[in-house]
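Asks: Okay, here's what each chain looks like letter by letter:
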Amino acid sequence: MHNILTIAKKELRSYFLSSIAYVVFAMFLLLAGYFFTVILLYTQEASLKGAAYNIVITLLFLIPLLTMKAFAEERRQGTLELLMTKPVTDFEVVMGKFFAATTMYLIMLLTTVVYVFILIKYGNPDMGPIYSAYIGLILVGLAFISLGVFASTLTENQIVAAVIGFALILLLWVLSWASSQFTGNMAEIISYLSLSGHYDNFVKGVIDLKDVVYYLSFIIFWLFVTVKSIEVRRWK
Amino acid sequence: MIKVENLTKTYADFKALDGVSFEVQKGEIIGFLGPNGAGKTTTMRILTGFFPPTSGKVEIDGFDVFNDPVEVRKRIGYLPENTPLYQDMEVYSFLRYIAELKDVEPEKKNQHIKNIMERCGISHMKNEIISRLSKGYKQRVGLAQALIGDPKVLILDEPTIGLDPKQIIEIRNLIKELGKEKTIILSTHILPEVAVTCSRVIIINEGKIVAEDTPDNLENKVSGVAKVIVTVRGGSPDLIKTRLQGINGVSNVTVIKNHAGLTDLSIQSEKDVDVRDKVSSIIVQNNWGLIEMHRETLGLEEIFLKLTKKEK
Ligand SMILES: Nc1ncnc2c1ncn2[C@@H]1O[C@H](COP(=O)(O)OP(=O)(O)O)[C@@H](O)[C@H]1O
Ligand SMILES: [Mg+2]
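Read top to bottom, the protein sequences are chains A and B.
236 is the number that our numbering gives the last residue of the first sequence; the numbers go up by one with no jumps.
1312 is the number that our numbering gives the last residue of the second sequence; the numbers go up by one with no jumps.
Heads up, simulated DSBU-like pairs for lysine-lysine below, C-alpha to C-alpha not over 30 Å straight-line:
{"#": "1", "chain 1": "B", "residue 1": "K1152", "chain 2": "B", "residue 2": "K1057"}
{"#": "2", "chain 1": "B", "residue 1": "K1135", "chain 2": "B", "residue 2": "K1102"}
{"#": "3", "chain 1": "B", "residue 1": "K1227", "chain 2": "B", "residue 2": "K1257"}
{"#": "4", "chain 1": "B", "residue 1": "K1108", "chain 2": "A", "residue 2": "K9"}
{"#": "5", "chain 1": "A", "residue 1": "K9", "chain 2": "B", "residue 2": "K1135"}
{"#": "6", "chain 1": "B", "residue 1": "K1015", "chain 2": "B", "residue 2": "K1003"}
{"#": "7", "chain 1": "B", "residue 1": "K1176", "chain 2": "B", "residue 2": "K1166"}
{"#": "8", "chain 1": "A", "residue 1": "K9", "chain 2": "B", "residue 2": "K1109"}
{"#": "9", "chain 1": "B", "residue 1": "K1003", "chain 2": "A", "residue 2": "K228"}
{"#": "10", "chain 1": "B", "residue 1": "K1180", "chain 2": "B", "residue 2": "K1126"}
{"#": "11", "chain 1": "B", "residue 1": "K1180", "chain 2": "B", "residue 2": "K1074"}
{"#": "12", "chain 1": "B", "residue 1": "K1057", "chain 2": "A", "residue 2": "K228"}
{"#": "13", "chain 1": "B", "residue 1": "K1176", "chain 2": "B", "residue 2": "K1003"}
{"#": "14", "chain 1": "B", "residue 1": "K1152", "chain 2": "B", "residue 2": "K1109"}
{"#": "15", "chain 1": "B", "residue 1": "K1176", "chain 2": "B", "residue 2": "K1152"}
{"#": "16", "chain 1": "B", "residue 1": "K1166", "chain 2": "B", "residue 2": "K1152"}
{"#": "17", "chain 1": "B", "residue 1": "K1126", "chain 2": "B", "residue 2": "K1102"}
{"#": "18", "chain 1": "B", "residue 1": "K1176", "chain 2": "B", "residue 2": "K1135"}
{"#": "19", "chain 1": "A", "residue 1": "K228", "chain 2": "B", "residue 2": "K1102"}
{"#": "20", "chain 1": "B", "residue 1": "K1126", "chain 2": "B", "residue 2": "K1152"}
{"#": "21", "chain 1": "B", "residue 1": "K1015", "chain 2": "B", "residue 2": "K1057"}
{"#": "22", "chain 1": "B", "residue 1": "K1074", "chain 2": "B", "residue 2": "K1102"}
{"#": "23", "chain 1": "B", "residue 1": "K1074", "chain 2": "A", "residue 2": "K9"}
{"#": "24", "chain 1": "A", "residue 1": "K228", "chain 2": "B", "residue 2": "K1074"}
{"#": "25", "chain 1": "B", "residue 1": "K1126", "chain 2": "B", "residue 2": "K1176"}
{"#": "26", "chain 1": "B", "residue 1": "K1102", "chain 2": "A", "residue 2": "K9"}
{"#": "27", "chain 1": "B", "residue 1": "K1152", "chain 2": "B", "residue 2": "K1208"}
{"#": "28", "chain 1": "B", "residue 1": "K1015", "chain 2": "A", "residue 2": "K228"}
{"#": "29", "chain 1": "B", "residue 1": "K1180", "chain 2": "B", "residue 2": "K1109"}
{"#": "30", "chain 1": "B", "residue 1": "K1176", "chain 2": "B", "residue 2": "K1114"}
{"#": "31", "chain 1": "A", "residue 1": "K9", "chain 2": "B", "residue 2": "K1114"}
{"#": "32", "chain 1": "B", "residue 1": "K1180", "chain 2": "B", "residue 2": "K1108"}
{"#": "33", "chain 1": "B", "residue 1": "K1126", "chain 2": "A", "residue 2": "K9"}
{"#": "34", "chain 1": "B", "residue 1": "K1074", "chain 2": "B", "residue 2": "K1208"}
{"#": "35", "chain 1": "A", "residue 1": "K9", "chain 2": "B", "residue 2": "K1152"}
{"#": "36", "chain 1": "B", "residue 1": "K1003", "chain 2": "B", "residue 2": "K1180"}
{"#": "37", "chain 1": "B", "residue 1": "K1227", "chain 2": "B", "residue 2": "K1278"}
{"#": "38", "chain 1": "B", "residue 1": "K1003", "chain 2": "B", "residue 2": "K1026"}
Keep in mind that the hints were calculated from the coordinates and are not lab data.
Chain A on its own, in the form it takes in the complex:
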């Protein structure tokens, strides 16, 4: 645990040393603000529903920008060898990087609370769906991060890592579209595996244990694959 925190702290510091973090923050603030304002003016409704759907879309491409550096940069600089020959395990390194990206994301998400205050000040929103939307956003975001960190182990090039991360996230997000091409169990399995299908309930204000379990298993699965990926990559 101590090592995970040490690595996460260092990764967080290096986020703020690189301009990419500021760019991602600025983009997110801009887009989230835009969605919130436009949707609010259009619907005249004190709810976060519309914004919550659209914020996820911005995360599809912003989160790979947060995670692309994780392992790609270590490999390019050769520092992976420096790090992995210290008394740390592969698991600790992966968790450290995952927590750092998660912290960045949570800070980003925290800025949107401003909009909730605006809703409360000028309207009378139903708080239930707002809480559940946030739980959904946190789970989806962490799922994206686990996939993005995995993508970062596949290459030495940050841009390539971001592109692969984006492609993987998008693919698993729209996987449900493919389910119409299948019937019976296969269709069900495919739509179950899709990232997007489990998000709707949260926005509608329903926290279903099935969806929570889905996201948690998704995150654990991809973190596990990430650990294996750096293990294999070192062996070659």
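Got chain A sorted already, so can you dock chain B with the ligands onto it with the hints?
Replies: Just chain B with the ligands, lined up with the frame of chain A:
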């Protein structure tokens, strides 16, 4: 302190290491010498547990590298090839990060880092961003991070590569100084390096150990052929050559140069035979002039070339 048994490493279908075994005693400075591609880096990566060998065993300070990687890594300081560093960090915060990973006690951390920076001569650079440092200073930072946590064993992969002569001397002196308290393996493809810094040399070529001894012994052992160089006035080169070749114990004579009536020849003799008396009397008997004569033993450089060529 370090026990390596029968290491083999195969990359895809290329055998980079083939049955490498050696031992390093406490307090030794071992030079791991070999041309590029010999398998030095591969060996060091296995020693530090960065990747496992295809077969074989490594034990450091009583711990098996593959069963107890974390215990082993607590006991070693490793400077990988080409000194990878976090370029965007400041020297001090980088070393603090390493100290935290190495579990240095929080109360002692600052003093510990300070001492090491002083020792490596980088105290005045503590707030510099690593990417802005010169190659020599980066190398010192690399050494400094290896020293964090006071490891018993130092593993240094080509610690002086790419430095200028002055920096090389400084780093070598630092390594020699460190050798007083630590067990060190350093790899290099530069010969004088081991003669200067190491107590023992292991020569590796194409994944196999071809020789292992002290620099002095190695020189004696392989210098089976001694060479005598003479300069003769008068006579024809061919005749001189034929006459000298007739001497008992001479194995080969070659003419190096012939100009202005002077002939330079190189005379190779068998081991432990000093042919200089006979050479001089032959020259005098033939009424030639003996202008100069000296004996050459093979330097480490030639031994190295011989050993690594013999393998082919
Ligand atoms: N990851 C790798 N994949 C394939 N071949 C490799 C890899 N790393 C090293 N080699 C090969 O193994 C041999 C030994 O390499 P190395 O241990 O780096 O030698 P040295 O450090 O002595 O120069 C070289 O021929 C090199 O090309
Ligand atoms: Mg090498």
